[in-house]
Structure formats: structure tokens, C-alpha cells
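From just these sequences and the hints, can you work out the full model?
In this note's numbering, the protein residues as written are 9 to 77.
Don't read these hints as lab results, they were simulated from the structure.
Just so you know, nobody snuck in bad clues.
No more than 20 Å apart at the CA atoms, straight line, and that leaves these computed lysine to any residue pairs for SDA-like:
(1) K58 x K68
(2) K64 x K75
(3) K57 x K68
(4) K72 x R62
(5) K17 x E28
(6) K57 x K69
(7) K42 x N32
(8) K20 x E31
(9) K64 x A53
(10) K42 x E31
(11) K64 x K74
(12) K74 x R62
(13) K72 x E60
(14) K17 x H29
(15) K72 x R61
(16) K68 x V56
(17) K42 x I30
(18) K17 x E31
(19) K64 x E54
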Amino acid sequence: MTSVNVQAKDLKGIVLIEDEHIENNRAIRQMLLKRGITPEELPSAEDVKKLERRMKNEDKKVLKNKKRK
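As C-alpha cells, this is what we get:
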């Protein structure tokens, strides 16, 4: 959203772009709250590194199973 608005509004400079980013974050937070979603109460997502390791392990298992057949 920030990227689109920076281009559409032809924003230049760190301060203007930061202000746009902050305003977009506020708008998103307000929308979530209106819909009954409090970001602080959402469960944590799975750690990306753990997910990558799990995916690699699953890939290895699939390859081993294919070699056995």
C-alpha cells in the first residue's frame, strides 16, 4: 500500500514516505480493530527458519521413499 501511494502521490524524501507508511499502518490497525481483530492477541506464526528446516526434512523423506520404490 505504501509503495503504491508513494508512486501515486509522487512522494519524495524519507520524512514524507515514513509519514505515509505510518498512516497506512494506522489505517490497517483501525480496520482490524473494527472487525474485532486485535493484533496483539493473535497467535504467533511459526518461525521461518523452523519451517524451512521442516520442509527440507520432508523433502528428504519423500526422496528416500521414491528411491525405495
